[in-house]
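Asks: Sequence:
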Amino acid sequence: MRDLVSHLAALDPDAAATVKVIAYFDQLVEAGAGLEPIVRGAAVLAGCPARLADGEHHVRLRVEPDGRVAPAETDLDPDPAWPNAPLRADGPPALWLERPGPGGVVDAMVLERAAAAARGVLDRTRGRPAHPDPATVEAVLDPTVDEKTRLRLARRLGLGETARAVARPGGPAELAPPGAWPASLAGNAGSVARAAGLPQPTVTRSAAGSGSTSSAARAAGPSQSTVAGAAAAAGWASSAARKASSAPVAGPSQSTVAGAAAGSESSAAPTASPAHAAGLLRMTASSPAATPSHTAAVPRAGLGPVVAIRDLPASWDAARVALRFTAAGTEADPGPRVVDFADLGGLAVLADAVGPSTPPVADVEAVEKARAAAPWVLETLVAVAGAASLRAAAAALTLHHSTLQERLTHAEHLLGWPVRTPQGRLRLQLALALWRLHRNP
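Going by the numbering used here, the first residue of the sequence shown is number 1, and it counts up by one from there.
Just so you know, not all the hints are guaranteed correct.
[Said to hold, decoys possible] The calculated DMTMM-like cross-link candidates involving lysine to aspartate or glutamate, where the alpha carbons are at most 20 Å apart (straight line), are: (1) K369 <-> E412; (2) K369 <-> E331; (3) K148 <-> E138; (4) K20 <-> D66; (5) K369 <-> E406.
[Stated by the list, open to error] Derived Cβ-Cβ restraints for the label pairs, each shown as a range: (6) T149 <-> D14: 55 to 65 Å; (7) G416 <-> A388: 48 to 58 Å; (8) T144 <-> H410: 15 to 25 Å.
The hints are simulated quantities; they were obtained by calculation from the structure and are not laboratory data. Don't be surprised by glycine CBs; every beta carbon is placed ideally from N, CA and C.
Assemble the whole structure, with the sequences as input and the hints as a guide.
Replies: As structure tokens, this is what we get:
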């Protein structure tokens, strides 16, 4: 091996370094090393901090490039721009090298070999997560299944007396116990919780396939309608989110599991303000979650209310309604990526009346016209619709107050009504909510 490395070093330094990486992790695996030596090896070889965060196995480990173990509990979630690797081919990123930009050949090999070694340790010491019977999960959310059968199947899935359904665009639904986040949000649980003003979450794994929206969602019991609800449902994303790409669309609907797991972060979340009340993803310029990379990392999701097991079909309907009020969090579609049905209030009624094939009202056409006129218009309108004041909106957009005033003058001309009066702002909030419902089937 030494001769090979010496020969390669003369021809291609990267190839030689890659062979050294392979040999290094092979030795760790052969020696039966644990997670800490593996993550330490990744950090030392890459010359930057390395982080392992696996929600399914409740593992968080971070090591500095000098080999010191650093506190795993950090206010910042992993940046999607960091080189990363999943522990399994179909899983989310779980191992990161904490530096921006695409990694080179050596970084890629460090991640590949370290992830494989860590996977072997977790499988050996903690076992693979169990996979449930898909038909069992589907039956729990099937409204035609009798209550006795649903309760029995829910116990088989490890659910308690209550749970909530979570819908994601085009992908599998998920079930989460009260106070827990599903696996699709686990890697970003801190960002979502801090941005939404919610308690730091525990994590669950997926359950059940998605379907179409039903009017039965209202049976899940929405909270009272408020103007703040309209504002938050219309969406309020920081200007830092405008370059964020939308979350990947999940694959075909399929049933997986529901099972509670430990929380990925333990720091206290801030108290929710009234303007958080109906969007669940209000981002501020000072929030770590407001950076483009962290915004892009949060998958779109609609949260159904926490209900008794017998009412889970209604929670599932409600989750799909909430999903329709979510946004991609991009410049073309700014707004909240995560919306809780329980906070929509009377806005939920609009979901039954408006869809992609419904003729848009004049205000929705005005929003679309304004959006097409300039790339900054929609983001500005969304910020103003959801902010507590124009100065707060300017701060969220990282604009001077006078610049925002100039933008609004132009935007009001495009819309055809003022947005700086209470009546005009409410009209804008409703127009944005309707615009989003037209876009989201």
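Asks: Are the hints correct? Go through all of them and say.
Replies: Hint by hint, here is what the structure shows:
1. K369 <-> E412: holds, 12 Å
2. K369 <-> E331: Satisfied, since the Cα-Cα distance of roughly 15 Å is no more than 20 Å.
3. K148 <-> E138: Distance ~15 Å between K148 and E138 Cα, so the pair holds.
4. K20 <-> D66: holds, 18 Å
5. K369 <-> E406: Roughly 18 Å separates the two Cα atoms, so the pair holds.
6. T149 <-> D14: 55 to 65 Å: About 59 Å separates the Cβ atoms of T149 and D14, which means 55 to 65 Å holds.
7. G416 <-> A388: 48 to 58 Å: Violated: the Cβ-Cβ distance is about 25 Å, outside 48 to 58 Å.
8. T144 <-> H410: 15 to 25 Å: violated, 53 Å
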